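**Q** The residues making up each chain are set out below.
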Amino acid sequence: MDLTALLLSRVQFAFTISFHIIFPSFTIGLAAWLTLLEALRLATGRTVYRVVFEFWLKIFGIAFGLGVVSGIVMGFQFGTNWSVFAGKVGPIQGVLLSYETFTAFFLEASFFGILLFGRPRVPPWFYLFSTAMVALGTTFSAFWIMINNSWMQVPVGYATANGQFAPDDWAAIIFSPVVWVRFPHMLLASYLTGASCVAGTGAWYLLRREYHAEARIMLRMGLFLAAVLVPVQLFFGHLVGDYVHDKQPAKFAAIEGRWHDEQPASEVLIALPDAAAETNHYAISVPILGSLIGSTSLTSKEIGLTDFPVQDRPPVAIPFFAFRIMVGCGFLMLFLAWYGSYLSVRERIGEKRWMLWAIFLGFPLPWIAILTGWFTAEVGRQPWIIYGVLRTAEAVTPSLTAREAIISLLVACTVYSFIFAFGIYYIHQLLRAGPAGRLIEPPVDAVPNRPMSVVHHQTATTVSAGD
Amino acid sequence: MITFWVAVLAISVLLYVLLDGFDLGVGMLSGIAGDEEQRSLMLSAVSPVWDGNETWLVVTAVVLWGAFPPVYAALLSAFYLPLLLMLAGLVLRGVAFEYRHRAVGSRWIWDTAFAGGSLVAAFIQGMMVGALVEGLPIADRQYAGGEFGWLSPFALLCGVGLCLGYALLGACWLVKKCEGDLRDEAYRLIPRLAISLLAFLVVVFVYALAAHLQVMDRWLERPYLLVFPLVGVASITGLAHGVIRRRDGVPFRMIALTFAAAFGTLAISFWPYMIPFSITIQDAAAPHSSLAFMFWGEGLFVFPLMLIYAAVNYSVFRGKIRSSEEHY
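Protein chains in written order, with the numbering used here: chain Z, 1 to 467; chain L, 1 to 328.
Derived by calculation from the structure, the hints in this document are not laboratory data.
Computed from a predicted model, the values in this text were never measured in an experiment.
Just so it is clear, CB atoms sit at the ideal spot from N, CA and C, and this is done for glycine as well.
Certain hints may be false.
[Stated by the list, open to error] Here are the in silico distance ranges between beta carbons for each label pair:
1. Z:Q429 x L:L209: 58 to 68 Å
2. Z:L7 x L:I2: 36 to 46 Å
3. L:K320 x Z:F129: 50 to 60 Å
Looking at chain Z on its own, in the form it has when it is part of the complex (with noise of 0.2 Å):
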């Protein structure tokens, strides 16, 4: 095994997969939030909710095609650059996968199509229903691969034989109580970035003076929705919490920057570890807060790091400051969605430049604490691949190369910045037109699973009609 290839597949990895999760984290809150959209348009008979709709599909459609695309490389990554892992896991995980697949296969056959084609020739009820499914299928999809990476998290309901792990209880493993508290956290984390970006686009067109209407609706859902979902998301962050302090007391350790056993136990608000002395720098800590967190206890003794072999630690900076930027965006969304709800409820919104500013450029927010979030989990887990039974440097591909690795690495990068700014070069000209007043009957040649063609039609002639 070559080190470097190690090292090297593992950014590449990181690199792969967090510029595929800026995609459907998006498209699995956009689509709800389309439904919710299209019902309320059925309820109230309103025309400017299909405004919204019809401009808020286009982008979906581009997100949607950009998820598709990166999402490929993830299919070949697990085999070419973690052979061992792959032909261990299979059974279980290769399993999980191809069910993602067809679902998400299923999704993109049947219903996005009647979503972008389908309105002339469906009755209402069933373009609603359709773009349910749509959002039922990104759904499922989300599903199928929490389950996946809760199931390395956490690993249950397998046996051990011929050097393989195999399924014995499947029920285990799809409704492992992980997987039940980290689906939610990821879902309401997708929810709160199509509320954000919806609530930004808003702000922003206020901001220039455009589309008010539009705009109008676009803010005060998007903040109404953060408002309700960052509360609800911030417990269920805490229930994920409490299944790391239980079953992954390591990754808790590094996250809380605790390096010994306390009892009662601190906690560290903001530190600079330093692994080597096994002790934290300019740390800033509160007493017996520690314990509350971890064990809702005033005298609980919370773990250290130094209780585990030095080869059985993460890496601590990681998970410590992505964990606290995470919860920062956190907090920073739940002042934005109050204080802006807050505002717009008493109709004074417009009036506060300064809050639309901040509503406009805090759209990236959900994705940095997705990101983030992410990065706590998965370098948390190392140096276990899958928790507690296979280290990641046991599972690389062992006849990979450091040449080949970084070859792989420096192709991944540029093609995916290259198609990358292609598709946020679209997105931006989609959001510079504006929500189209005059509604554009989709192209008659247009083809359903190919989202990004319907952009070319419709990016030129866009005209407003919502001042």
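Given chain Z, put chain L in place with the hints provided.
**A** Same frame as chain Z, but now just chain L:
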């Protein structure tokens, strides 16, 4: 259960080769197209279906991982660099589909990406099949051949062969979908491509005999294998007939049959191995609990639906494309 998943895998691979084969072929031919109008028409002939075609590649990959994990692990790690190039080619080619007609001054970039990406993907797929036929060094279920263990004259030859084959599929598809000059052009290409392909097959056969490839023993052990080459010969005759009579629908069906025969030949020569001569189907199959779990959901319900969907999609876009539809 194992048989079911072998069948699903075989169907997915064959569908991928036939379907993405013709659109990769059209992609390669677009590189030698006479002018912009012809290139646009060529794109229109495949644009409604190409990404549906590529779905089968992904389906193949995930079914392979779930149902036959050691094969997925060994093959993907063995073909590390080729797969990387193939994926890059497929991605660039896919992006070119979407962006080429937005660009004016830089259109040549997308045209190059489209033709070049198709060529690279086709060549590498052929090369991988060639390397597989020759035999990959596998030790303890893991690939053990080094960075370029797959590289050999035979593999390169097979890469060229598959490019010819896909181009032939592409030309037959153009005949089926197009009219006028482009159709006539494609008709002119078919005999040349077909003869080149036959010449290639002869060279491969001689090479395989000369190099004493282990696969050749299969032909002595299993004389019934000769059925496949016979089907191949019959379909090539049908192809010639269709071309001479200018029956637009016939060539594609015939060449598809030829490909199916070639696929059958390979599959039966490998049997019962998945990676000849180191990993068999039985060795590779995931435990029953995995296969059964896959069967009762995606196997029994989703897979048939996917086949039906693909069929419906093709019937929606059946018939000739007209040159009045400038671009799709």
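**Q** Hint by hint, which ones does this structure get wrong, listed from lowest number up?
**A** Hint 3 is the one this structure does not satisfy, whereas the remaining hints hold.
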